[in-house]
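Student: Residues per chain are reported as follows:
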Amino acid sequence: MAQARLILDELKKNGVTHVVGLPDNSSAKLFDLLSEDRDIRLISVTREGEAFAIAAGLWIGGKTPVVVVQNTGFSESGDGFRGTITRMRVPLVCIITYRGYAKLALLRPEAGGNALDAETLSLPHLDSAALITEPTLKAWGLPFCLLHSDEDVTRLSEAFTEVQENQQPYGILVTGDLT
Amino acid sequence: MLTKDELLEPLARLRADAVIVTCMGVTRPWGKYSKSELDFASADSAMGHTADLALGLALACPQRKVICLNGDGSMLMTLGTLVTAVQAAAPNYILFVVQNDTYEITGNQPVPGAGRIDFPALARGAGFMRVYSFEDSDAYARALPEVLSAEGPVFVAVKVQAGNEGPISRSDRESAPYLRVSLAEWARRLRRALGASAQAT
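Those protein sequence lines, which keep their order, are chains E and S.
For the first sequence, this note's numbering assigns the number 1 to the initial residue and increments by one for each residue that follows.
For the second sequence, this note's numbering assigns the number 180 to the initial residue and increments by one for each residue that follows.
Note that these hints are calculated values from the structure, not bench results.
Incorrect hints may appear among the rest.
[As the list claims (entries may be wrong)] Pairwise CB distance ranges, derived in the manner of DEER restraints: (1) S:315 x E:13: 31 to 39 Å; (2) E:9 x S:294: 47 to 55 Å; (3) E:139 x S:286: 29 to 37 Å; (4) E:78 x S:291: 14 to 22 Å; (5) E:25 x S:306: 54 to 62 Å; (6) E:122 x S:361: 22 to 30 Å; (7) E:37 x S:193: 35 to 43 Å; (8) E:158 x S:374: 43 to 51 Å; (9) E:37 x S:348: 51 to 59 Å; (10) E:78 x S:294: 37 to 45 Å; (11) S:196 x E:176: 45 to 53 Å; (12) S:330 x E:122: 49 to 57 Å; (13) E:139 x S:292: 30 to 38 Å; (14) S:330 x E:155: 49 to 57 Å.
[Stated by the list, open to error] A few chain S positions that, by computed beta-carbon distances, are all more than 12 Å from chain E: (15) 239; (16) 260; (17) 297; (18) 303; (19) 321; (20) 342.
Beta carbons are placed, not taken as given, at the ideal position from N, Cα and C, and that holds for glycine.
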């Protein structure tokens, strides 16, 4: 698990001006910190698709936004993400909490892989939101890495460099609840 | 009910240095009145998120007005944006809903609730304090200076005759400058026009 405070510090180190998103249990601590922070403005949205379009507008206007959403919300964002961030090649770092990640390991022994058939997607002890996360990111052209613990927090700075070099978004998948 | 020309011509005259974000049925007609690099066509289908994009611009550029010409079909896709916009409290944000009651780009099929939707009531319910509604071109033209100078966020519903605009392409065939290049390129042109490239990358 990673500390929300370290992530916030990393965002500040990279000049982030706005965080746009919706909290979940994993990101709640980060949102708590942001709600009291004076350097980064938190923009709360009613649905995740809004977040990506707002972030695109912020970037066009010269700001450095980050989007924070759950993987379920990322799926909801579909065409909003494609029609703004992807088409505009916005150098956006997206922090996506990975609901259901811990149970993914249960899939491999019994199903022998990541086959996304109807039987697998409906298994009661697995979270289908997690099952589709990485395939969805790959299909939507969003490169990503996993952030498991404090040791991985520096991946955020690497992501900020990467988005600028490639002029495209990058996803940070947070696999546990932030503390 | 206004024609698109009656909606757009006065706005083009009075917009000063405002950013204009267009969507769907007014995207191409706006190009008749403006060749400005402060225009942005959010017409590539993002499931109704034009008003969100304009909100982000308004938050980033508090020193100038950002005017969004949203479609009614697009607005219906993201009604939650009305709440988000009020919460974000950008005083320079002006959200028009161009209400023609149809999905004009796809052949003027009626939007859900056509003829019954009360957009000004939805905006007031979301918390907009300044809400305008126009069905008459003279009243619109008279009020526009006040609308554009009001402290926002401002919501403006305008009933407009449906036209016959087809799908937007980004190609040399389009006359509007903002449709002749890719979305990625125009986004960077607008960044330069706003001086944003120097602020941050």
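Student: A separate judgement is required for each hint: does it hold in the structure or not?
Tutor: Here's how the hints hold up against the structure:
Between residue 315 of chain S and residue 13 of chain E the Cβ separation comes to about 55 Å, which falls outside the hinted range of 31 to 39 Å. Distance hint check: the CB atoms of residue 9 of chain E and residue 294 of chain S are about 54 Å apart, consistent with the given range 47 to 55 Å. Checked against the hint of 29 to 37 Å, the C-beta distance between residue 139 of chain E and residue 286 of chain S comes to roughly 30 Å, which is consistent with it. A C-beta distance of roughly 20 Å is found between residue 78 of chain E and residue 291 of chain S, which places it inside the suggested range of 14 to 22 Å.
At about 28 Å, the CB distance of residue 25 of chain E to residue 306 of chain S disagrees with the hint of 54 to 62 Å. Checked against the hint of 22 to 30 Å, the C-beta distance between residue 122 of chain E and residue 361 of chain S comes to roughly 41 Å, which is inconsistent with it. In this structure, residue 37 of chain E and residue 193 of chain S meet the distance hint of 35 to 43 Å, their C-beta atoms being roughly 38 Å apart. Distance hint check for residue 158 of chain E and residue 374 of chain S: the Cβ-Cβ separation is about 29 Å, which falls outside the suggested range of 43 to 51 Å.
Between residue 37 of chain E and residue 348 of chain S the C-beta distance comes to about 43 Å, which lies outside the given range of 51 to 59 Å. Checked against the hint of 37 to 45 Å, the C-beta distance between residue 78 of chain E and residue 294 of chain S comes to roughly 30 Å, which is inconsistent with it. For residue 196 of chain S and residue 176 of chain E, the hinted distance range of 45 to 53 Å is satisfied, since their beta carbons lie about 47 Å from each other. In this structure the hint that residue 330 of chain S and residue 122 of chain E lie 49 to 57 Å apart at CB holds, the actual value being about 52 Å.
Remark: the range hint 30 to 38 Å for residue 139 of chain E to residue 292 of chain S is upheld by a beta-carbon distance near 34 Å. Between residue 330 of chain S and residue 155 of chain E the Cβ separation comes to about 42 Å, which falls outside the hinted range of 49 to 57 Å. Non-interface status of residue 239 of chain S relative to chain E is broken: a Cβ of that chain comes within 12 Å, the nearest being about 2 Å off. Here residue 260 of chain S does not stay apart from chain E, with its beta-carbon only about 6 Å from theirs, under the 12 Å limit.
With a least CB separation of 20 Å from chain E, residue 297 of chain S remains clear of the 12 Å interface cut-off, as annotated. Separation of residue 303 of chain S from chain E is adequate, the least Cβ-Cβ distance of about 17 Å exceeding the 12 Å criterion. Separation of residue 321 of chain S from chain E is adequate, the least Cβ-Cβ distance of about 31 Å exceeding the 12 Å criterion. With a cut of 12 Å on Cβ distances, residue 342 of chain S stays outside the contact zone with chain E, its closest approach being about 23 Å.
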